[in-house]
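J.: I would like the entire structure built from these sequences, with the hints used as guidance.
Using the numbering used here, the first residue of the sequence shown is number 1, and each one after it goes up by one.
Heads up, a few of these hints could be off.
FRET-style restraints, in silico, Cβ to Cβ [unchecked claim]: (1) P151 <-> E116: 17 to 27 Å; (2) T45 <-> P151: 40 to 50 Å; (3) P151 <-> M60: 31 to 41 Å; (4) I124 <-> Y39: 14 to 24 Å; (5) I120 <-> R18: 21 to 31 Å; (6) A113 <-> S142: 37 to 47 Å; (7) H82 <-> G49: 36 to 46 Å; (8) T45 <-> V68: 39 to 49 Å; (9) V54 <-> S145: 16 to 26 Å; (10) A51 <-> F107: 13 to 23 Å; (11) G17 <-> R81: 23 to 33 Å.
Read the hints as simulated data drawn from the structure, not as lab findings. Backbone N, C-alpha and C fix where the C-beta goes; we use that ideal spot for every residue, glycine too.
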Amino acid sequence: MEQKMQKLQTNIRLGFGRQIGFGLGEFAGQFFFSFWSSYLSVYYTDIVGIAPAVVSAIFMIARIWDAVNDPVFGNIADRHRHKKFGRYRPWILFGTPILAILSILMFHVPDAAPNEMKIIYITITYILAGMAFTAVNIPYMSMQSTLTTNPQSRINIYYGNGSSS
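T.: In structure tokens form, the structure reads like this:
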């Protein structure tokens, strides 16, 4: 039996529902990041009892690491192509559960541990969660440029993402 390869048609207009769905995905990503930004520092300082200067230093180190990690990971995601799922989808599918687990772990600092161990735990979980966020968000945002070559659909997708951020 002969199987015909179908050429991927990318010059199609995406329907309104798909455009909204794509924007909702970005809304979820920004919700995660906003939640971290708003409550994590308060949790670490007021509940866990870590000095604000230490928490700020951890966050700064993580952002510096992100400045290095994000372009490297973007390059990896662009070069990797899974036979079944394509270029970006595997990162989203497999990275999301890891991101969820690390998000929970960030808010479950061991109470009985000494402060030094808490600081190490916070640093590791926060940096790993940032890397997991990168592993999900960069492929997600990169995927929108591969969905269609239709200029109006691309504008609508980018507009939907900007509206949900």
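J.: Need the list of violated hint numbers for this structure, in ascending order.
T.: The structure conflicts with hints 1, 5, 8, 9, although it agrees with all the remaining ones.
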